[in-house]
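Peer 1: Chain F is already provided as a structure; the job is to place chain X on it using the hints.
Chains as they are written, first to last, in the working numbering: chain F, 39 to 507; chain X, 117 to 1126.
Quick caveat, the hints were computed from the structure, so don't treat them as lab data.
One or more hints might be untrue.
Partner residues aside, some chain X positions facing chain F, computed with beta carbon under 7 Å [what the hints assert, rightly or not]: (1) Gly915; (2) Val954; (3) Pro956; (4) Val976; (5) Thr978; (6) Tyr980; (7) Val1024.
Think of the CB as a built atom: it goes at the ideal place given N, C-alpha and C, for glycine as much as any other residue.
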Amino acid sequence: MVSSGSGMFSPERTKQAELEGLIAPPLVRGRDDFAYLTETVCGVAEAKRPPKAWYVIFGCGLLLLGTLLTMIVHLVVTGVGVWGNNQPVAWAWPIVNFVFWVGIGHAGTLISAILFLFRQGWRTAINRFAEAMTIFAVICAGMFPAIHVGRIWVVYWLFPIPNQMNMWPNFRSPLLWDVFAVSTYFSVSLLFWYMGMVPDLATLRDRAVTKMRRFWYGLFSLGWTGSNRQWHRYERTYLILAALATPLVLSVHSVVSFDFAVAQLPGWHTTIFPPYFVAGAIFSGFAMVLSLAIPARALFGFKDIITERHVELMCKIIMATGMMVGYAYAMEFFMAWYSGNRYEGFTFVNRASGPYWWAYWIMVSCNVISPQIFWWKKARSNMILVFIVSIFVNIGMWFERFVITVTSLNRDFLPSSWGYFSPTIVDILTFAGSFGLFLTFFMLFCRYLPQVAIAEIKNVTPHAHGGAH
Amino acid sequence: MKQTASTQRYWRSLEDLAKTPEYQDLVSKEFPAGPEEEWTSASRRRFLQLMGASIALGTAASCTFEREHILPVKSRDEDRVPGKPKYYAGAMELGGWAQPLLVTCYEGRPTKIEGNKEHAESRGASTTWAQAAILGLYDPDRSRLALRDGDDSSWEAFEEFANTQFRELKSKQGEGLAVLAQPSRSPAFRRAAAAFRKFFPKANWTEWEPLHSDAEEAGCLAVFGQSVRPRYQLADARAILALDDDLLHLRPDSTRLAREFGARRRPEAGWMNRLWSVEPNFTITGAAADHRLPLRRAQVGAFLALLEAKLVEKGLSHPQAEDARNGAPRLEAPGLADFVGAVADDLLANRGASVISVGAAQPAAVHARAQRLNVLLGAQGKTVAYLATDGPDAGATTLPMLAEALRSGKIGTLVVLGGNPAYDAPADLDFGTAMAAAATRIHLGLYADETAAKCNWHLPQAHFLETWSDGLAPDGSQLIGQPMIEAIWGGRSAMETLTLLMGNPRDGMPMVRESVGGSDAAWRKSVHDGFTAAGSAKSVTVEARSLPTAAFDEASLAASPGALELNFAPCTKVWDGRFANNGWLQELPDAIAKITWGNVAFMSYKTAKDLGVANEEMIRIEVGGRSLEIVASTMPGAADGQLTVQLGYGRHAAGHVAGLNDDWVEPVGFDTYQLRASASAWSVPGARVSGTGVQHKIASTQDHHMIDKVGLEGREDRLGDLVRETDAAGYEKNPDFAKRAADFWGPESSLFAEIKSDAEHKWGMAVDLSTCTGCGACSIACQAENNIAVVGREQVLKGREMHWIRMDRYFSGPVENPHAVHQPITCQQCELAPCESVCPVAATTHSSEGLNDMVYNRCVGTRYCSNNCPYKVRRFNFFNFHKDNDKPGNEVMFMANNPEVTVRSRGVMEKCTYCVQRIQNARVQSKVEERSMRDGDVRTACQEVCPSGSIVFGDLADPGSAVSQAHANRRSYTMLAELNNKPRNRFLARIRNPHPSLELPVMTAEVGHG
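In isolation and in its complexed conformation, chain X is listed as follows:
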């Protein structure tokens, strides 16, 4: 860095100034990011920034300009071009499993996350949580400072403290020390943890994950006598039965499962798979299923026993045939007998090509029986593989044991290594209070959350994008995560913290390096690829052992009025609550209920009626001596006699988005953990529910509950034309079933002369409704790519949400068990766009390549375009929705923005652009390479993220392109073709594959063209 005369002068004056207490005080006020830590460990660059800015502010009572120091890079890195993004492989661990990622960075600033194309678990697709991690990284509510008893402190101060505290503990071999960690399969973390436990042999080691899947492993252990886990391979599965399992969304490998599932939902591709779902509440998997049976959670095991009996009856050879035949309890549900019979037929007809999956919420016994059936049906090695797991951690204590130890005063020092047990531990443990028994309580976390408030020490954790990490992908391969940005607030990872506690602080990089091992070249390749060359884990062969006869409490299976089954479900958005402060996730509509900003108690219409509870009424749930008030929401297709509540809301110390008592921010949603006990983590019987008569508005993006008779009739009337679907037989009979009269009309004459473009490209999109699961990842990906604002609950209630791609969800059929269909809607990019002709200032115009462009600078905001858009895809900035970024301390949020896309301010209209910035980048790239653009050069954000590959984008002028082929597909249709808008978007009609023996109501009343 060149030092000019003026900076020299500052250096001198600073030395004097910096010693004064006034200055220290000033700095700590001005830069809450921890002056002490900055003084000692920050880079020269950061030091200079701090000094320059502080001096400018501190001495500047009379100055008008803030002084900035720009420090140029002295020599440019070899391939560093300002303004050009770089891509790095990364990994994100969630619920113990890592997801392979590819992170886009501009000038060392991550702005977008994609799936890692090279990895089989992703193939470019990623989850909503990975997509939203960008916003989490730049969340201004993340803790920036170490806190000691609530006061600002620093890592250095903690290190000093730890040196004495843990040296003492070491002398006692760790007696009185307890560590509560989040379960992680990261090999580097496990090494660090093992070293730590060796270092402090008498220390108490506990792992807690609120959304655990312990039952699955326990079930497998029970039936196979080995520690294994099932890995479903849907590519060859023809009959798939999901038992209370959100197979396509909530399993760690759902990204891959959705891809494999989708590949066999296209009738052109040959045979179609058939998905059966039995579940208490509507899930994404239930909506994708060909047949769905709503049953209470407690009845699912009985259903499995019935199925087993039926299979044996139909000729399945079974080692405990007698048990199976007699074990079936009495179970009554509408359509149950036919359903069981048809499932049994389907499974038997597809031996070796069937899958039975069971959700984490089912008890181990159900898992055991289901896995045994998988083996008996010949699925092992074909559609279900069994991978070895570490098995139960013998030396570890459980959370209840830890709480007990704390209460008995045996623990003097408690280290909470990530996680938020004061909020999400089972309510009966009252962990927050139990913690207080330990004299020293240390918390490492991304936020100063509920647990931090109960600790003496809070330490800022590094975000996964800021640190070195590794992890296991669900296929058993080892992923590597590298820091994309220097830790913004100086956080450290859990394993780094462990080494610090051992008195030998280490950086994450060598730890991951050691964990990966191998040569330097192999290491570099692994970091570059994001995973090691070792590949996925080998499967093991298992053999089913005999199981105890299933016992059912007939009384609990029958419906008992007044005492309901209360079920807990992970939130498909905020997970266990850790993502609660993420506005993108909060505002993502729930895949089925379309609810944003909060959780509800889902119940069937009949249950609500029996309880005398209205939709959107606050209800009081009492169970096991605990009670909670939460809003009721009637859900079509929910099983009767049960309530389903999602976890992860009602937080009081999450942040300014999800609730912060200290700053008078009301919690979003209701804290359902208050009803969750350790013995009944997923389901508890005997819940009493009473209405309170108080109304609470649910911020839903689709006003489905409030709809009146007129609206219902109108919707029924047109639905078959908007969302076209039929069953496999209907498709075979008439592959052109999706075409309507308007699709066969010739080009209609237009009032305005149509502009004939001789442009080289014609951009277009196709969305396959057959494969879309409605998970909503595209909405978040689009939000991240296009800097789409979060508007908040109040604005969603007013109908002002901003998503450029939304998932329309329609129910059809009986309300007790309807089927659902999802339709992703973006701007349809009409060739004769109705929005364009009505704009008085020509702010929305047509590009030569067929894009319906939106010129933000020209828009005056008459909103006429929105009125004239039949698809209602235009979104208006009713306020300056980015205003919060300007608040002091929130500036970091600007870093989340994609520099390629304008941030829209208030008063202008916006909408899907087909990711025009990506088109332009691909064009530039093709010109640099002196070639024409190829199919696949441009992938829109929604297309990239989609796990099932339902969205295809490309050039319609190229007859060989994937999108041209999709448009030529006989299932393709344009929505509202009769308006002659000529959209560039086409939908591929949905084909269901019902079992021949069961009837299925299909939305399309009229088949063929009239």
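Just chain F, with the same shape it has in the complex:
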């Protein structure tokens, strides 16, 4: 790692070298001694009261969560007709929301697993954060297919549970693959997140001054003592889990894309979908990490830990993946034309200039055009601008799923069946409510759990590599 040598220079020369681009800036700024890091991260969980903004956001989250629960009760009591779904648009917002949240759930594991394997030290500042986001996003995602079915009370038939009917699910159905892909992804992500948190939970336990904290952190830190043997086992396991999680990052969204690609609907039936979906998922995941990290670093005083450099690196990933999805959009059009398939060709013309043209162009502007601003370093280091672009990308990626799902269905083969989908208020409130679910979980995480991997980040400080002090 380049940064490991930075300690050899005086601060002035280091600064100079950074500016000249000779060396990368350090991953942790300010007071980088271990005590400071522990103090900063644990301080949030140990503070008597969280910042006022936390209450505001948490309150909003709870309100939206209440809305979500109300909507679900309304849905279960009345029927899925409360949404705008119809014939031919049998899948609409709930599926769009599902894919949207699954996509967001991608960045966490990517950051924790793939970047770990590639020894990208900068990941340590954001991985805990991103993993938590993943877990909660996947919970939001998993909820949608479950409430989306017509008979919610028998949704467990999708699982291969031995039953008195002597019926297996249909293993040929991509929806079933989905069940496996998402549940595997969720369990591995959860395990990875929790395992990585054990040493930090132990730190919180050791610093605990109240009985409650001692009990709960003690319970979940699983008797961690920090012995050499434990560290050794921990690192091995972490590596193995990272290796296990890596293919999942690629597989889960590939499988989600099969829901579409395996169907024979024009606009869905495309081989480009798996890589296109994975790129899009990473794209949206990083955007969501930024949307969360930028306010969080200001709110909880993590500016030295999640530095501008982190933000900048993520901007570059967003730009890269944004161009990948842009390429995919262009390639879809090209293939639609090149295939000579009239239905395929029509679907894409219809997307760009049919009744949902606005959705298509929102998608393109947000996903392809807006990240282009990150070519400029000034833009990458302007936190407000980065935040705005990250929100744009989130919007754009939601619309991408909307475009794929709805604009393919609304006009398929037989013109007689063409229709138009409009969302109902229940659609809108359910989607908004899913943010409530996410925010509630996330705010609880911010308040009570270490948001930064304390043990890991100490590894990448200049201090850890023999800096003079």
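Peer 2: Using the frame of chain F, we list chain X on its own:
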């Protein structure tokens, strides 16, 4: 019935209880079906049910279970097997003509209606109205009680009242009495009516039918000097000209006409007939026509004069040749001259094999001239027969005369015998107000409707399935209707009511028996067959007389901007409004416009543009001092300068489906009767139209108006492949024109191993687009057979209609005069069904015989199957659409369900099953008879009802079966064959038969296979 100790005890306690006023009150609240009537006339069985249930409810403040009494049949009838349906012949009268029917009954409960195969007018086919009658029978909004001044009463109370009232009238020979009946040709009814009029010689007798065809009879009388009516025989007709006439759908004998027409639309069968249509608005006949000319209603007579002149010019010998030659007015319309010339050529080339038919909306003069032409062209006795009619009823008064008599106070007692004059009488008569002049107003009707609200007495009428009746079929044969079920709400028929008014109430059965006459054996056979042995009426020979020279007001023929022609049309669904409360009919998409739940004002694009009116905009129509707001709908192919509105909507006292003011149910559609005057029943000039700027959404099942440029181009691009058609010449040149590349590919390899089935049968279907008229009877038949839910206007607007068989309609060609094509779409039953592989719970699977089965119990409702269905035939229960049945008082609706078919609840997918229950029944039957299944054993509901025989179903494993032959037909193709779904449904390409001298745009751009 065995009486157990417990029922004995009830009997004793009841006697005490039943006397108390509290109990009486309780019963009347609990059973609004008229306790009084139940007490006195109900069967023992009904009495016991009532008692048992009332006691259980009345004494049961602390009880948890409702007590039910099951009364077993003591001895089983000879051939009565529980769960096995029985079939009875019946008849339904509509617009004065009876339709021969065969009714399926389960345990004494009619559930399905078919046409009577034995009768030549039906041959198994039936109309949408007959199909929907099942729902009408069990309509919970039907009146259940006699009402006196709006309060619950009973038939007995009325009888008591009538005894005094009509005895008094009898003493005055019926002076001050008026009866307003619906015209009926039922011989039994006519006998009863004659007896009644003899009994009350001074009484006023009036008949009123809003959709009358008086002009036809008047026209025939004028030209032939005889009371006759034309009967068209299309079997031998080569050239057919329909003048403002929905020949294939709205004539009383349209079922037969469509069959005869269809038989000559298959090029394999030899020569093809040619249909010409001249009409103001697109009709089913217009869509079936080879050539169609949009003209305003007032111009049709001028068109006929032009044609007559042209025929004379081309050599037709004509007794008034000079008149004909000079009588032609100046008429301008695009393509008119060529059209007239070609029609004339066609008619002359097919002398003795031509038909000119004229619609009820045309004046008598047009009918007269057209019938004269029929005779001159030698059609009499060949393609047109003339049957004698009774002629005008000399003793009867007309509706305006009755209204006048009422106003002048001459009528003290008015009896409205069926019908709904307060709603459907001409607006200028203001009949509802005129009625009030009579001191006593009595109304017999199926519903407590608009007229009932204005009467002192309302009496529940028996549904035709509940009573004995007879009637005349359009061929003149006498049909017999028998009760399939005891009158559910104790109604009586019109003729029974007449006998009651005469002080001698009689049952319908002996009345029909007397009307039929003959021996008991012959009577039994007639009841069994549904018609008497007398057969159809003999035709008479007529001779044309000279007619006055036609006079035309040239000014009215020319287009006058600002003053439009307003035309009235019967609704192809709710008829004159009497079926308005029938959800099946309300939700049936209009054959051409695909509009459900309501009526609109149809106008051409040009007219809308001239008026500055947008599609789906509310417009105000002002004519003759009356005005109405109605929604505008642009219609391709409508004649310019006219509006066409359908009758039968905008009802305020129809019921919970079509509008009920008393219960805050908004009326469906707009009451166009408000614009209809007695002098201009079908067409009125000088209508002023202005837009209001208010939008009103039209619930259409095909979003054709809202389509954008991209959609239009996409549709144009693929249409020729979805609906394949060519003209007769093209077909002759290349009979394989319907085949495309994909149809010639060998079997494509599949990703999944294809399951090879060694089952005995391979079910399949073929739909002939050449013969299909798009009438939509199949949709209703399917709905009745398969318990398909009605979803309502709001849900149709959302695109959630449930029909398992839908009629796709496409226009092609110029918007001023396009041609239309219908394509009935059911589940295509793909062999490699895309829906099956994507269902995560295997709720839709393949049967060994090739059916794509839907397992409702297993379905969790992911709707993935629907997404993956390229034909979009799957229907999802977004809500519990049968929820209304559970409402108190609506339980009777459950009786309409076919017990053989699961009623689907919310959250599950459904779709066409090829009537799997019928397949299973036929299989069981064949096993009982120890034989294998034969072709024709299984007929699907849609196939059975289809008047033109366009749907063929059967076993593809049997090379001799009709469906195998249809699949082997060179016109056959599968839709979207390139997807390799291998549908079991095949379509037979449509062949048009245009006149060689006229060009016809054909949808199929590419011919042959590439």
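Peer 1: If a hint holds in the structure, say so; if it does not, say that too.
Peer 2: Results of checking the hints against the structure:
no., hint, verdict
1, Gly915, "holds (4 Å)"
2, Val954, "holds (5 Å)"
3, Pro956, "holds (4 Å)"
4, Val976, "holds (5 Å)"
5, Thr978, "holds (5 Å)"
6, Tyr980, "holds (6 Å)"
7, Val1024, "holds (6 Å)"
Against the hints set out earlier in the document, no violation occurs for any number.
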